[in-house]
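Participant: In case you want the letters, here they are:
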Amino acid sequence: MAGRQAVSWAETAKHFEESPVLSEFARPFPNLLGEKRTAIGGSFKQIAAALSKSKRTGAIQFTINDGRKVRQWCLAMTPSGCEVTETATERPDLEIVTDAQSWADIASGKLAVLEAFGLGKVRVCGSIELARVLARRLQR
Amino acid sequence: MPRMTGTVNCLQIAEIAGFTTIEDAGGNTETFILWFGSSIPSQLNAFTRVVHSMWVSVLREAHSNGKTVTITHPSGSAEILNIELG
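Protein chains in written order, with my numbering: chain F, 362 to 501; chain X, 7 to 92.
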């Protein structure tokens with residue numbers, strides 16, 4: 362849509378960081394990939410570790426399309442911790458849908474998840490509150 | 007183009023961004039973008055502003071009266087292309 366790309370993210374991010382409901386999503390995640398940017402599966406283990414101390418329970422699914430196939434990781438948050446498996450769950454509480462390049466940019470801290478969402482690179486299905494828990498835990 | 011039909015759970019409006027969350031009959035929800043990142047009003051043309059205003063009117067009507075809307079969006083993106091009421 363006309364006008365969406367006209368303002369730099371740095372300028373836009375300032376506004377979002379002042380928003381009580383969007384500020385968590387405006388800041389980039391820490392680097393979850395390390396040196397090997399291609400090993401995106403490792404980023405979900407890092408997320409599971411960050412979520413393991415959360416009291417919140419639920420299932421978060423990441424659906425990543427690399428252009429050839431769709432891969433899915435499920436993070437099961439239980440009272441005893443958070444476990445990640447490369448499987449699909451039938452009814453996740455939160456699903457993040459994106460392509461492999463966008464996820465690599467998000468997980469390496471180059472792209473804020475809110476910017477990716479605004480650029481049309483990410484879809485968010487399900488609980489925004491759970492997404493907020495995820496973002497808060499990763500930024501600790 | 008993917009489409010989602012459901013009721014309006016949430017409508018969040020700010021100058022910098024507008025979002026809506028739709029819930030389908032199966033209880034699945036998804037958040038969609040009405041507009042995003044346009045912090046300088048002069049960079050949005052009048053026609054685009056009118057379209058955004060009409061989208062908000064349609065969503066408000068649906069939310070107030072429990073009617074369903076159908077959202078059309080690109081595959082892999084939450085950007086709204088079209089909103090139908092009823």
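Treat each hint with caution, since some may be false.
Looking from chain F toward chain X, a few residues come up when the C-beta cut is under 8 Å (computed) [stated by the list, open to error]:
#  : residue
1  : H376
2  : N392
3  : N426
4  : V431
5  : C435
6  : V458
7  : D460
8  : F478
9  : G479
10 : G481
11 : R484
12 : V485
13 : C486
14 : G487
Just so you know, the hints here were simulated from the structure itself, not pulled from any lab data.
Every residue gets a Cβ at the ideal spot worked out from N, C-alpha and C, and that includes glycine.
Participant: Looking back at the hints listed earlier, which ones does the structure fail to meet?
Facilitator: Violated hints: 2, 4 and 5; rest satisfied.
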